[in-house]
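**Student:** What follows is each chain in one-letter form.
There are 4 protein chains.
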Amino acid sequence: MHDQATTIAELRALVQRFVDERDWRQFHTAKNLAMSIAIEAAELMEHFQWLDQQASQAIAQQEVKKAVVAEELADVLSYVLAISSALEIDLASSLEAKMVKNALKYPADQIRGRYGHDDERAS
Amino acid sequence: MHDQATTIAELRALVQRFVDERDWRQFHTAKNLAMSIAIEAAELMEHFQWLDQQASQAIAQQEVKKAVVAEELADVLSYVLAISSALEIDLASSLEAKMVKNALKYPADQIRGRYGHDDERAS
Amino acid sequence: MHDQATTIAELRALVQRFVDERDWRQFHTAKNLAMSIAIEAAELMEHFQWLDQQASQAIAQQEVKKAVVAEELADVLSYVLAISSALEIDLASSLEAKMVKNALKYPADQIRGRYGHDDERAS
Amino acid sequence: MHDQATTIAELRALVQRFVDERDWRQFHTAKNLAMSIAIEAAELMEHFQWLDQQASQAIAQQEVKKAVVAEELADVLSYVLAISSALEIDLASSLEAKMVKNALKYPADQIRGRYGHDDERAS
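Residue numbers (my numbering), protein chains in the order written: chain A, 1 to 123; chain B, 1 to 123; chain C, 1 to 123; chain D, 1 to 123.
By construction, these hints were calculated from the structure, which means they are not laboratory data. Treat the hints with caution; some may be incorrect.
Since copy identity is lost for identical chains, a pair holds within one copy or between any two.
Said to hold, decoys possible - The calculated EDC-like cross-link candidates involving lysine to aspartate or glutamate, where the alpha carbons are at most 20 Å apart (straight line), are: (1) Lys65 / Asp20; (2) Lys98 / Asp52; (3) Lys105 / Glu43; (4) Lys66 / Asp90.
Use the sequences and the hints to build the structure in full.
**Tutor:** Listed below in C-alpha cells is the structure:
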C-alpha cells in the first residue's frame with residue numbers, strides 16, 4: 001500500500017478487519033476511541049518533547065528515528081479510522097468541508113506568513 | 001471527495017495547498033505539528049468528556065452533534081497529513097506495516113474478546 | 001510529606017531541587033513543560049482507556065493498580081509545579097481566582113446535577 | 001491563598017466544595033477526570049502551539065498572556081485535585097515517592113545537563 005494508490009476506505013477496511021478478527025468492536029465506542037487518539041498523539045509527541053524546532057524537523061533525515069515516528073503516527077491514524085467507522089463519518093468529505101471553512105476563516109491574502117489572527121494567538 | 005474514491009495522497013495535497021497558500025510551512029515543524037495533533041485530539045475528546053460509553057456511541061445517530069464531531073476529526077486528520085508531509089512519511093505503508101506488527105503482538109485466536117494481554121491492561 | 005501538612009511551595013521546591021541538581025532548567029521552557037503535562041496526562045489516561053466508568057472508579061479499592069495510577073498522577077503534578085516555577089505563577093491564588101470565576105459561570109442553584117449549560121454540552 | 005501558606009489539602013477542599021455544591025461527584029469518575037486533565041492540558045498547550053522555546057518562555061514577563069496561562073494551569077490543577085479526591089490518593093506523598101524513584105533512575109552525576117539516557121531519547 002502507498003499513499004498515491006490507497007483510498008481512505010481501503011485503509012479503514014484494513015483496520016476494521018483487524019478489529020473484527022479480535023471481536024474488539026465492543027470496546028470501540030466513540031468515547032474510548034477519542035481517548036485512544038489522544039493517547040497515541042501523546043506518544044507521538046513524546047519523541048519531540050525536549051527537541052527544539054530544528055532538531056524535531058531533522059528527523060525527516062534520520063532513518064531509524066523516522067521509522068519509530070512513522071509507527072506512532074500509524075497508531076494515531078488507525079484510531080482516526082476506527083472512530084470514523086464507529087460513528088460512520090466520511091473522512092474525505094469532512095476534511096474537504098473543513099478546509100473550505102478554514103479558507104473563509106483564514107483568507108490567504110490577509111494571513112500569509114502569520115499564524116492566526118492577531119487577536120487569536122501570539123504570533 | 002469520498003472515502004471510497006479519495007487517496008491519501010489527494011487528501012494530503014489538499015492540506016498542503018492550503019498551507020502553502022498561507023506560507024505556513026515555516027510553522028509546520030514536526031514538533032509543532034505533533035502538538036497540534038494532540039490539541040485537536042483533545043478538542044475531539046471534549047465532546048465525549050462527560051458521556052458514558054452508550055451516550056458517546058449514540059452520536060452516530062445524532063446528525064447535528066455528529067457533524068460537529070466530524071469537523072473535529074477532520075482537524076486531527078489534517079495535522080496527521082501535515083506531519084506526514086513535513087517528515088515525508090508514507091501513511092498507507094506505515095499503517096500496513098504497523099497492523100502486521102500488531103497482529104503478531106495480539107494473535108486473534110489468543111486475544112479474541114479481551115482487550116490486551118492480562119499483564120498489560122485491566123480488562 | 002502528606003497533603004494535610006504540605007504546602008504547594010514545599011512541593012515545588014522538591015521538584016526544583018531535582019531539576020537543578022541535573023541542570024535541566026535549560027530544557028524547562030514553558031512550551032516543553034506544557035507538552036510534558038499533556039504527555040503525562042495521556043499516560044495517566046491510558047490506565048482508564050478501555051474501562052467503563054464503574055471499573056475506572058473501582059481502582060480506588062485496588063491497591064496495586066491505585067499505586068501505579070498515583071505514580072502517573074505524581075508525574076502530571078511534577079510538571080504542573082515545574083511550569084509554575086518556569087513562568088512564576090502562584091498556583092494557589094490562580095486556582096482560587098478560577099474557582100470564583102467558575103462559580104459565576106456555573107451558579108450552583110441553576111446547574112445542580114447537570115454538567116454544564118444545555119447549549120454547551122450534551123448532558 | 002498563596003503557595004507559601006496553602007496546603008494541598010486546602011486546595012483539594014476548595015475544589016470538592018465546588019463539586020459538591022453542584023452535585024457533580026456523579027460525573028467525577030476516574031475515567032472522566034483523567035480525560036479532563038488531558039483536555040485542560042491541551043488547552044494550556046494551545047498557548048504555546050506555534051511559539052518557539054524562547055517566545056514561550058517570554059510569557060513569564062507578559063502580564064496579560066501570563067494571566068491567561070495561569071487560568072489554564074489552574075484548570076489542569078483543579079482536575080488533578082479532583083481525581084486525587086475520587087481515588088483517595090495523597091498527592092504529596094505520591095510526588096515525594098516518585099521523586100525518589102526518579103533520582104535513582106536519573107543519577108545527578110551521570111545525567112547532568114542531558115535530558116534522559118542516550119538510549120531513551122534524542123538529546
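**Student:** For Lys105 and Glu43, with the copy left unspecified, which applies at a CA distance of at most 20 Å: within, between, both, or neither?
**Tutor:** Between copies only: 18 Å across, 31 Å inside.
**Student:** Can you tell me if Lys66 and Asp90 fall within 20 Å by alpha carbon in one copy, between copies, both or neither?
**Tutor:** between (29 Å within a copy, 11 Å between copies)
**Student:** At most 20 Å between C-alpha atoms: does Lys98 with Asp52 qualify within a copy, between copies, both, or neither?
**Tutor:** Close neither inside one copy (30 Å) nor across copies (27 Å); limit 20 Å.
**Student:** First find the shortest C-alpha distance between Lys65 and Asp20 inside one copy, then the shortest across copies, and answer within, between, both or neither for a cut-off of 20 Å.
**Tutor:** For Lys65 and Asp20, the Cα distance exceeds 20 Å both inside one copy (31 Å) and across copies (27 Å).
Against the hints set out earlier in the document, violations occur for numbers 1 and 2.
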